[in-house]
Amino acid sequence: MRRYFHGTLSLMRLYMRQNRIFTLIWLLLPGLWVAINTVSSLVLFPTQEALVEMGVSLIDPLTEAMHGPLLDVSVAGFVTWRTKVFLVMLGGIFSIVYMIRHTRLAEEQGKRELLGANVTGGLAPLAAALVNMTLTNAVAAVLAIFAMTALGLGLVGSLAHCLGFFAAACVLGILAGAVSQLFVSATAARGMSFGLLGALFGLHILWNVSGGQNLLAYLNPLEWSLLVRPFAGEYFIVLLIPLVLGTALALLSMRLMARRDVGAGLVPQRKGRAFAKPGFRNLSALAWRTQKGLFLAWFCFYSIFSFALGCASYLMVSAVSSAEALAGLIERLGGIDRAFLSLMLYVFGMLISVYVMMSAGILRREETAKGETVLSMPVRREQLVLSHMVYIFGGTAAILLMSGFCVGLGAVVGTGDKSALARLFVEMARMVPAAWAIGGVALLLFGALPRWMTGISYGLLTLFVLMEIFWEQQQIPVALYALSPFSWITPLKAVQPTAAPLVLCIAAALLAGAGILLFRRRDAAI
Amino acid sequence: MPAIEIRGLTKHFGKTIALDGVDLSVPEGSIYGFIGPNGAGKSTTIRTLLGLLKKNAGEVRLLGGDPWRDNVELHRRLAYVPSEVQLWDNMTGGEVIDFLGRLRGSYSKERRAQFIERFDLDPTKKCKTYSKGNRQKVALISAFVSDVELLLLDEPTTGLDPLMEGVFQQCVKEARGAGKTVFLSSHILSQVEAVCDEIGVIRAGKMIKEGSMEELKTLIHQQKPPTLEALFLNYYIKDAERGA
Ligand SMILES: Nc1ncnc2c1ncn2[C@@H]1O[C@H](COP(=O)(O)OP(=O)(O)O)[C@@H](O)[C@H]1O
Ligand SMILES: [Mg+2]
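Protein chains in written order, with the numbering used here: chain A, 1 to 526; chain B, 1 to 244.
The following block holds chain A by itself, in its conformation from the complex (with noise of 0.2 Å):
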């Protein structure tokens, strides 16, 4: 025993002083979201009877495959109803990366080395992170059933509510300390952690749709806070379930650790290639290398999105077309059912440009860290810059155009209309131009202002969304609006001039040629 877990105390004390802001926000964030999200219903339904009639008509079916079925018709039951799943994935998400640093990411950089060599036990870093992450959460919960009380809900509901995501974020951390005890690597094991959790939200989701009881349901954490039914004759004794599994994860974690050696995984570490593939020779097979990563995964993530949208449209618009606040809104893009699609896609339109200053940080890393390599070989500058231009320009409008089609078909699949495919995807081929203007913007950046990149590209991005909510609200004139990309492409505007591809085109390629003028005149790898 004292083998095993001898320094677990001062571990405890030693971890507990690190990142102090992140456990801070950790500690703070459950409560502080249960009570906004309390005050706020306390506002919105002051009566019973406003609750019935205005709470009940909020629920669609959007919200109802998030949040699943809604228990009890009462302040308190619409608060749980509303924060359970945020509450889960937020203090599972805070466990997992603390589990995880405190393992595998510690031995990684060798820190475990260290203290592993004199003072403590083998399993005294596992330990002594498991405990603390389950306080931090305990007093997460504590603090968040303060708030609930202090608001006027009742304590046995408040108790079952937070143990139910306490429970679910200890099981979550517990099993990334489980996993971290698998692989070498702590971005494998993140990686493999945050999937888990990505499948069981999956799961989550598929059976709040598909309805009906699943026994399964009991073994998912995400379940957990609605199966221990808060305010709704509460049913403590599914927490057993967590009890039992949490501590069964916890011994499999620490006799996987027993067994193995620092630094080393039970997943033995592959050995990658000795030669290069014939056609790995050039900067464009480079980009390919550092941008495929970024790109598969916003290319993969909204061809399924997108498809998700499409079919799910039906439903949305019959959700939203009972909200008379957006009737005029609608009025204006002509019909509820396109009124909707279009937003729906402007607004993926502007996401899709953090892709593309995503993609530009990516070409300006390369220059920082390994330009001194690269630039000292028979290339030239705007070679490196062409060869990322083709993930800047290209990969966007690849991505925007998998999102058009999927979201075409998804509709065709949903509501049976053929011609809503051709439509929606001219529709999001209109939004290139204006991601491709974003990215002449961030070369130019590179070129001008290599240092200051990704603050101002970012800081950008942030002035032409709050540019889209001041014209709307009439406080910015329209020649200040039209410095925004997407002023040219927005729906919320009833014509917009046919110049308009155009005048984007044009303006992307002459910032993006600046940009790359610059960055030749330049001192580089800075």
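Simulated from the structure, these hints should not be mistaken for lab results. There's no promise every hint is true.
[Unchecked claim] Pair ranges (Cβ atoms, derived):
#: 1; chain 1: A; residue 1: 365; chain 2: B; residue 2: 212; range: 40 to 46 Å
#: 2; chain 1: B; residue 1: 161; chain 2: A; residue 2: 243; range: 48 to 54 Å
#: 3; chain 1: A; residue 1: 456; chain 2: B; residue 2: 118; range: 45 to 51 Å
These numbers were taken from a predicted model, which means no experiment stands behind them. Ideal placement from N, C-alpha and C gives every residue a C-beta, glycine not left out.
We have chain A; now place chain B with the ligands onto it with these hints.
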């Protein structure tokens, strides 16, 4: 004709003056030791020679060309090892060596195998698992397998163990034997003493001494104790006094 000829080279970074009128000349086929304390301007000089940095004033000739204007042509004829070697996390050392060799356009399979063996590198490991020393080995192997006229090495052995240091010195001498010019920036005096024919000393962006190793050897013998360290200490002190 010298392989490298620099006259009055000046380079500013904002208000910092990194190079303040550097003059140096590297004879073809020699090993030139470029010595100076940290922050003296060694890396800045080399980056200017590579056309990565744009000079503010002065004349720079490299293999008969202008490093800023003719960079692509010149880079075909030289190999560079940076002082902080950073590589692609998800590529193996072997892949990097192959890739850089193909990009440079000159490398042979036999030499590749030979240098991997000599530097005792496992080419199947991903770069993110390499230590600083191993990353340096990858860059060094890539430079030594290439068929070029000039090697620019910026403190290339700071992460290597003493055994590898010996291998490195051997490789540098062989490169000279094959008619290559080596420009070796370093702050390890024993290394410089062991391999260099010519020496240049830089401090705070200015050259404070340039000459052949023979010349320096006679000066060393006048020092107490008779070491290169003592000589340089002397130079640094004199230079500082002049500055004051
Ligand atoms: N990119 C840069 N920006 C600002 N200052 C720099 C930059 N690179 C080098 N310097 C400054 O120039 C001087 C010379 O640096 P460097 O050439 O790296 O020295 P060495 O390689 O001899 O250690 C130092 O004072 C350093 O701070
Ligand atoms: Mg340096």
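field: Distance restraint hint 45 to 51 Å, applied to the beta-carbon atoms of residue 456 of chain A and residue 118 of chain B
entry: About 47 Å separates the Cβ atoms of residue 456 of chain A and residue 118 of chain B, which means 45 to 51 Å holds.
field: Consistency of beta-carbon spacing, residue 243 of chain A to residue 161 of chain B, with hint 48 to 54 Å
entry: Holds, since residue 161 of chain B and residue 243 of chain A (Cβ atoms, about 52 Å apart) stay within the stated range.
query: How does the Cβ-Cβ distance of residue 365 of chain A and residue 212 of chain B compare with 40 to 46 Å: does it lie in that range?
result: Since the Cβ atoms of residue 365 of chain A and residue 212 of chain B sit about 43 Å apart, the hinted range of 40 to 46 Å holds.
Consistency note: the structure conflicts with none of the earlier hints.
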